[in-house]
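Engineer: Got chain H; can you put chain V on it based on the hints?
One-letter residues, chain by chain:
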Amino acid sequence: MTRWSTTASLARGLTVAGLGIGMALVLGRPAVVVLVAPIMVMAAAQLRAKPRTEPHVGVQTTYAVLHEGQGTTAPLRIAPPNDVEFVTRVCAQASYVALRPRSGCFGYLVDHPAPLQISPRRWGQRRIGEEKIGLFTPWAGYRWGPVALVGREVSVLPTAATFRSAAAAPNPIGLIGAHRSRRDGEGTEFSSIREFHAGDRMRRINWRTSLRTGVLHVVSTRSEEDTALLLLVDALADYGISGGIDGVESSLDVAVRAAGAIAEQYVRQGDRVSLRVVSPHGEYVGYGAGTRHLRRILSQLARVTPGVPHDVSVDQIDFRTTAGTMVVVLSPMLSDGMATSAVRLLRRGLPVIVVDTLPPDAAPTVSSETDPGIAELAWRMRILERRGVLAQLSAAGCPVVPWNGPRTLDEVVRRLARLAQLPRARAR
Amino acid sequence: MIAGLTPAGWVLRAVIVLGPPVALLAAAPEGFVPSTWFLLVVVVASVAFAAMPEQYAGSLALLLVVAWWAAVIGAAMPLAVVVAAAALLASHVAATVAAYGPTPLPPERRVVLRWGRRSAAVWLVAPLLWLVVDAQRGRATPVSYWVAGLAVALVLAVLVAMVYPTRLDEGT
Chain H
1 MTRWSTTASL ARGLTVAGLG IGMALVLGRP AVVVLVAPIM VMAAAQLRAK
51 PRTEPHVGVQ TTYAVLHEGQ GTTAPLRIAP PNDVEFVTRV CAQASYVALR
101 PRSGCFGYLV DHPAPLQISP RRWGQRRIGE EKIGLFTPWA GYRWGPVALV
151 GREVSVLPTA ATFRSAAAAP NPIGLIGAHR SRRDGEGTEF SSIREFHAGD
201 RMRRINWRTS LRTGVLHVVS TRSEEDTALL LLVDALADYG ISGGIDGVES
251 SLDVAVRAAG AIAEQYVRQG DRVSLRVVSP HGEYVGYGAG TRHLRRILSQ
301 LARVTPGVPH DVSVDQIDFR TTAGTMVVVL SPMLSDGMAT SAVRLLRRGL
351 PVIVVDTLPP DAAPTVSSET DPGIAELAWR MRILERRGVL AQLSAAGCPV
401 VPWNGPRTLD EVVRRLARLA QLPRARAR
Chain V
1 MIAGLTPAGW VLRAVIVLGP PVALLAAAPE GFVPSTWFLL VVVVASVAFA
51 AMPEQYAGSL ALLLVVAWWA AVIGAAMPLA VVVAAAALLA SHVAATVAAY
101 GPTPLPPERR VVLRWGRRSA AVWLVAPLLW LVVDAQRGRA TPVSYWVAGL
151 AVALVLAVLV AMVYPTRLDE GT
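Going down the list, the sequences are from chains H and V.
Counting from 1, one number per residue, gives the positions in the first sequence under my numbering.
Counting from 1, one number per residue, gives the positions in the second sequence under my numbering.
The shape of chain H in the complex, shown without the other chains:
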């Protein structure tokens, strides 16, 4: 079935020209012929450009995965373009997707195509490329469409932050890596000068000390190992308003972007990183390293939707941690369950850091039926309770830091590493 139809312009031209000529004929009015002659010629030109083929259109976005803030183009392919002179594109406005032109509505001559530029402004799953297409023949006598095109789902990953941490992990227990271990081994970091044991390498002998003491001494170094990092993202609720990558951040924005940045930072160091999201879908990525693993983590972060898990209570979730794992909890700490989980992990002897993701000006979304005064009071009480929880966590040995970019963890991790190096006294 053809989708070409005559335009109002052609119908108007034929009507005005036809009736004008008719009146001139009947009444004998030469002036009317002159009056409508240009319109009649234009109508003839429109008829002359009658389409002969049925076009097929398709939009192809360049990338299926994007980072927030990145852009892509969505060129329109028309085959065959012979009968087409002008293209009209009207794109659907999706949340957190910026379009250029901003209105999403533009047209161009088919021999001078203009690309549609799309840039997702927030992480998540975004549908882009939903639009309506209209094609016009030369002289705009016939129109094809408008035809609705279904867009495609694009994964928008949280923004990437290229940064290399200088802080060593507190308890690296692995095979090989960049963190200074508490154990002596093959590394570059100086540990001590001790007496020679069988198996020590000859090049490690410290001749100055050996000559002074008369006994062979060697320089021992600390081994360098990787660490395991568990990122625990609290997606029980999203507090605050998200303005996209250029605007204000909600609590979930902070958590997801921080998790992405920390994961990238540690994966690039060669550490094993795991992700656990406390949300209805419970997104989980096991321990792993490498670029592909990082991509998996970022993809899971892009799928996060806020809500309470249906099948399990928050404080009963098994976070699958092993000895020596460093845990980073990214949470606004407005849920008792998350605080309980952090303390549970802390009591297992794991270094736990809480990154506070609550924006300073965050406020809950209040339904119209709720008295705003009461909602305000309840929120203030909740914030007071939260302050108490954060203080208790700090007192229990769990540092709480607000997110201030990728270097946020550096100082805290360095402090934890120093603490881990100190000798421990155990009560028997």
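Treat the hints as calculated values from the structure; they're not laboratory data.
Here a beta-carbon is modelled for each residue, glycine too, at the ideal position from N, C-alpha and C.
Don't take every hint at face value.
[Unchecked claim] The calculated label-pair distances, taken between Cβ atoms and stated as ranges, are:
1) 33/V x 82/H: 44 to 54 Å
2) 4/V x 82/H: 25 to 35 Å
3) 10/V x 288/H: 39 to 49 Å
4) 79/H x 57/V: 29 to 39 Å
5) 82/H x 38/V: 38 to 48 Å
6) 74/V x 117/H: 13 to 23 Å
7) 67/V x 101/H: 38 to 48 Å
8) 384/H x 4/V: 40 to 50 Å
9) 280/H x 47/V: 53 to 63 Å
10) 288/H x 4/V: 44 to 54 Å
11) 67/V x 117/H: 43 to 53 Å
12) 38/V x 77/H: 43 to 53 Å
13) 10/V x 153/H: 34 to 44 Å
[What the hints assert, rightly or not] Simulated coverage check for chain V against chain H, where a stretch passes if three residues somewhere in it have a Cβ under 8 Å from a Cβ of chain H:
14) 33-47
15) 52-63
[Stated by the list, open to error] Residues on chain H that point at chain V, a partial pick, calculated with CB under 7 Å:
16) 32
17) 37
18) 80
Structural biologist: Positioned in the frame of chain H, the structure of chain V alone reads:
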């Protein structure tokens, strides 16, 4: 209907609105003045035309002007008819460009230039016809002269459509 109009879109709408009244008033210097109420009707129809350029109803404004010229000017052939033809054509073309898309669609520069060239070329028919008729002025012109000439023009218009059949037509 006008929400989200771009500045260029406003210019197009202005041309659509002004075209029919200008075509109506073009003959005023030569003594053909329309009545105020009729002018008002044409202005209202033109505003409606500008608000809905993609609708067929826009033809009313143009038809009112053509009918007025047929009824009032009589057998005269004032030079103003060339101006009126330009005004009507401008309104018609502006509506065609405006109907390329929804209201927020800004007319592209290349499209406007192309339509400007086309309009100028098409409009040339009016002064040429006027010159032909003016050359015949003073001679006795039988009514059959006009009937035959215009009938030929109509047949030609129909033939243009017949000469260019499409595969789509064959299928339907």
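Engineer: Against this structure, judge whether each hint is valid.
Structural biologist: Verification of the supplied hints:
{"no.": "1", "hint": "33/V x 82/H: 44 to 54 Å", "in the structure": "holds (50 Å)"}
{"no.": "2", "hint": "4/V x 82/H: 25 to 35 Å", "in the structure": "holds (33 Å)"}
{"no.": "3", "hint": "10/V x 288/H: 39 to 49 Å", "in the structure": "violated (59 Å)"}
{"no.": "4", "hint": "79/H x 57/V: 29 to 39 Å", "in the structure": "holds (35 Å)"}
{"no.": "5", "hint": "82/H x 38/V: 38 to 48 Å", "in the structure": "holds (46 Å)"}
{"no.": "6", "hint": "74/V x 117/H: 13 to 23 Å", "in the structure": "violated (58 Å)"}
{"no.": "7", "hint": "67/V x 101/H: 38 to 48 Å", "in the structure": "holds (41 Å)"}
{"no.": "8", "hint": "384/H x 4/V: 40 to 50 Å", "in the structure": "holds (47 Å)"}
{"no.": "9", "hint": "280/H x 47/V: 53 to 63 Å", "in the structure": "holds (54 Å)"}
{"no.": "10", "hint": "288/H x 4/V: 44 to 54 Å", "in the structure": "holds (50 Å)"}
{"no.": "11", "hint": "67/V x 117/H: 43 to 53 Å", "in the structure": "holds (49 Å)"}
{"no.": "12", "hint": "38/V x 77/H: 43 to 53 Å", "in the structure": "holds (51 Å)"}
{"no.": "13", "hint": "10/V x 153/H: 34 to 44 Å", "in the structure": "holds (38 Å)"}
{"no.": "14", "hint": "33-47", "in the structure": "violated (count 0)"}
{"no.": "15", "hint": "52-63", "in the structure": "holds (count 8)"}
{"no.": "16", "hint": "32", "in the structure": "holds (5 Å)"}
{"no.": "17", "hint": "37", "in the structure": "holds (5 Å)"}
{"no.": "18", "hint": "80", "in the structure": "violated (12 Å)"}
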